[in-house]
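Place chains B and C on chain A using the hints.
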Amino acid sequence: MEERGSEVERGPWALALRRFLRNRLAVAFLGVFLLIVVFVLAAPLWAHHVAHTGPNEEHTVEQITVNGEKRDVVTVEGKPIGPQWFGAGGKFFLGADSRLGRDEMVRLMYGGRTSLLVGISAALLATILAIVLGLMAGYFGGWVDSLIARSLDVIWSLPVFLIGLAVGIALAVGGLKIGPLELSSGSLWNPILIISIFTVPYIARPIRGEVLSLSQKEFVEAAIAQGASPGRVMFTEILPNLASTVIVFFTLMIANSMLFEAGLSFLGAGVQPPNSSWGTMITVGVDLLRIQPLLAILPGVMIMLTVLSLNIVGDALRDALDPRGKGRLDAALQFEAQSAATRPVREASLT
Amino acid sequence: MKKLRAFIAVLVLAAVAAVGLASCGGGSDTTSSGGSGGGGQKGGTLDGTYASFPDYLDPALSYTAEGWTAMADVYIPLLTYKHANGVEGSEVVPGLAKELPKISNGGKTYTLFLRPGLKYSDGTPVKASDFPFAVERMIKLNSGGSPFYLSIEGAEKFAETKQGPIPGIKTNDKTGEIVINLEGPRGTFTNELGLMFVAPLPQDTPIEDLSANPPPGTGPYMITKSQPGKGWEYERNPYWAKANGKAMPEYPEGVIDNAKMTVIRNPETQVEDIEQGTYQWMQNPPPASRYQEVKEKYEGTQFRVEPTISTYYFWMNTEEPPFNDVKVRQAVNYAVDAKALERIYAGQITATQQILPPGMPGYEQFELYPHDMGKAEELMKEANPSDMNITVWTDTESPNNEAGEYFNEVLKELGFNTTLKQINADNYFTVIGNATTPGLDAGWSDWFQDYPHPNDFFQPLLAGESILSTNNGNFAKFDVPAVNKQIKKLGEEQLGSGQEAAYAELDKEVMEEAPWAPYGTRTLSTFVSDEIELESVIFNPTFGHYLTSFEFK
Amino acid sequence: MTRFVARRLIGMIAVLFAVSVIVFVVFMVVPKQNPAQTLAGKNATPLLVKSIEEEWGFDESLPVQYATMMKKVFTGELTSYKPRLPVSDRIVEGIPATFSLTIGAAIIWLFFGLLLGYLSAIRAGGWLDRILTGVSIAGISIPVFLLAPVLIYFFTNKLEIFPNGQYVPFGEDPAEWLKHLILPWVTLAVLSIGFYSRVLRSNMLDVMNEDYVRTARAKGLSERQVMTRHVLRNSLIPVITLFGLDFGATIAGTAIITEKIYSIDGIGLYAAEAVAKFELPPIMGVALYGAFFVVLINTIVDIVYAYLDPRVRLGETASS
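Residue numbers (the working numbering), protein chains in the order written: chain A, 3 to 353; chain B, 29 to 581; chain C, 6 to 325.
So that you can see chain A by itself, here it is in the shape it has in the complex:
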């Protein structure tokens, strides 16, 4: 029970933080997410000091010494060795990943880096684009709004996965060359770009809605009356008020992007070998499901945990930043905001 005096002093951010911290489930999963981040960041350390191998090094015909006994990393019949834990000093902790005899633990960590990198970058890029588009559409209105809104509609209506798949494969084959911009076919920017382009409408629409309603507020009119340029108004007055929406969407979109990337990689349109991500690891593991189920389940569980944590945290952020009854958006816009936030997560996993 806070004292009356101190409650009056706290700003909205501090209040939001308190609300968030009270949600123990969310805090716990935030911890899980941070642990995952630490796990993947530790990849080079593990690879160098414990496993003594890189993520792409193949050990097909090699043998390791487990408890004094020599064992094939990949048997003559093509079966990769199972988890050794510390039996071989940390080598092949989780076993070999496939008939190529690579260290599963090392790949899991490096793959996680790729998955998180792609997911976060795509979400970040999409959010930035969405903010710019949403601000312009909502503030200027008129033909600017129509143009932007219609373009978003087109993207929204595209059979997202089909096009993403097609573009992904096209890029995997030939790379991209537009004027000075050049991307090789194995570049991680390919899936990042594809995912962010398709994610933009989901964030831009609700932002546009909020900007629309904020533009009519008095403080904006006051700023314009004082002679502020549109740029100043958008970025200094309106943008800060979008912060809570942006934070929530950004968090949820990371989860969405990671699932989207996994789906694309499964169909060969996302991360290309020899780069690996949890998505590509699942694809390889599914083939070996009967021989070594862990190879598919481990990366799958990692994706699930990460996405789960982000979803729970994102949900909790939304509750903390915009609780019922305080500063709510118009019902229709809120519905749209809500459905837009959760829909892409569902659509990416639906496919």
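The hints are simulated quantities; they were obtained by calculation from the structure and are not laboratory data.
Yeah, the Cβ is synthetic: ideal placement off N, Cα and C, and Gly gets one too.
Don't take each hint at face value.
Unchecked claim - Chain A is nowhere near these chain B residues, computed Cβ spacing over 10 Å in every case: (1) 133; (2) 188; (3) 190; (4) 231; (5) 416; (6) 436.
Stated by the list, open to error - Okay, derived cross-link-like pairs now, DSS-like style, lysine-lysine, Cα gap no bigger than 25 Å in a straight line: (7) B:110 with B:147; (8) B:323 with A:81; (9) A:72 with B:367.
Then chains B and C, alone, in the frame of chain A:
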């Protein structure tokens, strides 16, 4: 609250009931239709599976193993291949023609006679003039097989103008005589007459892709229903018993009455289905992840390893650095470890380091570059190539993609700075065969014989004249005048022991230049359910499993 | 109202046009590859490639090729490369499978999603709510291509209850049709149940705090009457419209991965194979078919929503 509980209870009951209802349909049962109760050796319906629908179900167009297996006993060309396993199956024997062709005029004229009394599955009599019709139809359809027949006089002009008839083929419907004149001698033409591309068809057959509605054929079976993407069905050709079977007594008539092929895209599922008896045969080999398991459990009873005439190799672009230096290429050969690749293929390849594979006439075993990483690094140091940035290519089909990844790592170990590109199997060869694709430095490839003649390996893959700007097959861009001359010379001669020895020499000569790092020859397999008599199944190296060889126990 | 509908129809045509252009550009321009070469096969000569180019019109300029392709779309002549068969045939053939998959899964996910959402909302904050919310969020976090193989592994391989994918037409054998669809239905449904339950829960909680609900309670209506007459009705409208959007998307063939893993011969599978083989005609066909359905159902949903909720209708005209 009570209502809520009751509601949930009903729901749970409903869910359980639904599951129960679904599973009481018998689960995975063995009510496969065939081999009907009691000693039925004759007849029955074969239920088979393919992992993908053939590229075409039209004899003039299909150029894949699946297509040829599907149509082998449906469309019989003038000549055909012996219905036998292994090397025997590479022998060309008469098909619709009475005998093997009489070759005259310095190898430029082929004379054959059509057997009398032959009929298509719709009752139409087979005429000699049906042969040139089939050739023209194939060329008009722009079939991938047409290049085999452009050596026929006037065929090239026909291919350009699509205006017939082709002057090089003369027929007489009354006597059944067919005379083919070639522009120049072609040692492989007899084999090419045995390919389905030029199987005779009735002259009212539409000039379009008939994969959804295959044309009538002359074989013991006919395709009665085709659903592209899903499957197709066979029935006995009624005119086989009435006419063709009598005219071609050496050709097997088949035991089963019908067959139904279903496309099941998941090879693991296919294996499951055979084990459970839901289906009786799978056309493709078990996937690498199940191969050894199936082999151990069923070899001899339901499973048989089938050798093929094929070479799996890594090519290197000899025209540009770094692979224009023979030392670098030899280093790569020393670095590639065939043992590792054997494991990557789960035992489905046998290591070999030559152009020609075992089983090909002219094959003589040798090993110029036993695995030795030390020697490889030495050679690399000596060569000291200037350009260490390369692009490595492979396709997406397992385990070839893994072989490609292996190769990529080997090159990295040699010090190269590599970029790996994986292309979908359907497009792979066209992409690496296109000169405008940048970075064609090194990559994976395979080659299965079209027919058992060494020229089929050397000419398209290693002859200088085969280097094309599009649809190239000579990925190594290998162009050595002495080798080209030898390939041309041997290609014109009919195959005999002298030629075989010369080919063995050529094999070694080329491998000394090491345009490739070959690593193995592939084995395929026969896997049938326990209802099928394994012994009787015939696997032809070119046409796969013959429908006529299946019988129920 | 008619102006609204008219505008939407024009929008639909614009979207379809945009989709066709985008698909065309992606496939023709980006990979710099000549489809004639793929068609010509491994043994081709330049002459053969040229013939194929002439036959298919690949040697024409891009705008001309686009126009020819669009014309073929309208006359139903659009053909795939290997085999050379009409795209429309395969799409029509694939409809029963995709529809069976979608409708069945949709019924399951809607029913269970709403049920779980309802239970969560009326017990908001309690342990049941937390568990159901957890389950829901877990459901949307699973990648399809992991869930499906695991389900197959347990139920088909180990326990042998269900068959291994494939689609059996209803007309052929209703019992088999059902048996073969249960795992795919469950796979698709698991992912969506979580989503719908959270949306309904959230909507219901919002509505339950509205003044008019409190008024209704104060007026003396029973809890059940309050729930059904006010809360549910108002919470369900947005859910139903969302359902329409999702249903449209799935019918459009977006369940590519599910169809692929279970080998269900629907439109999604046809699309996946076409993309893998890099054949433009089937992809164009499926993309247009898909976009058409998505836009159609989106439009219907918007119309229905506008009809039901005047605030939206008015809101839209004010800001646009």
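### Query
Holds or violated: is the Cβ of residue 190 of chain B farther than 10 Å from all Cβ atoms of chain A?
Given a closest Cβ separation of 32 Å, the condition holds.
### Message
Check the hint pairing residue 72 of chain A with residue 367 of chain B against an upper bound of 25 Å on the C-alpha distance.
### Response
Answer holds: residue 72 of chain A to residue 367 of chain B is near 18 Å, not above 25 Å.
### Message
Please check whether the beta-carbon of residue 231 of chain B is more than 10 Å away from every beta-carbon in chain A.
### Response
42 Å, holds
### Task
Mind checking the alpha carbons of residue 323 of chain B and residue 81 of chain A for me, to see if they're no more than 25 Å apart?
Within the cut-off at roughly 14 Å; holds.
### Message
Checking a non-interface call: every C-beta of chain A should be farther than 10 Å from the C-beta of residue 436 of chain B. Is that right?
### Response
The claim is violated: residue 436 of chain B sits with its nearest Cβ about 6 Å from chain A, within 10 Å.
### Task
Verify the proposed pairing of residue 110 of chain B with residue 147 of chain B, using a straight-line Cα cut of 25 Å.
21 Å, holds
### Query
Should the label of residue 133 of chain B as a non-interface residue stand, given a Cβ cut-off of 10 Å to chain A?
48 Å, holds
### Query
Checking the smallest CB distance to chain A, is residue 188 of chain B really beyond 10 Å?
It holds; residue 188 of chain B is separated from chain A by about 31 Å at its closest Cβ, greater than 10 Å.
#### Entry: 10 Å Cβ clearance of residue 416 of chain B from chain A
The assertion about residue 416 of chain B holds, with a minimum of 17 Å to chain A.
This entry does not satisfy hint 6, going by the numbered hints stated previously; all others are met.
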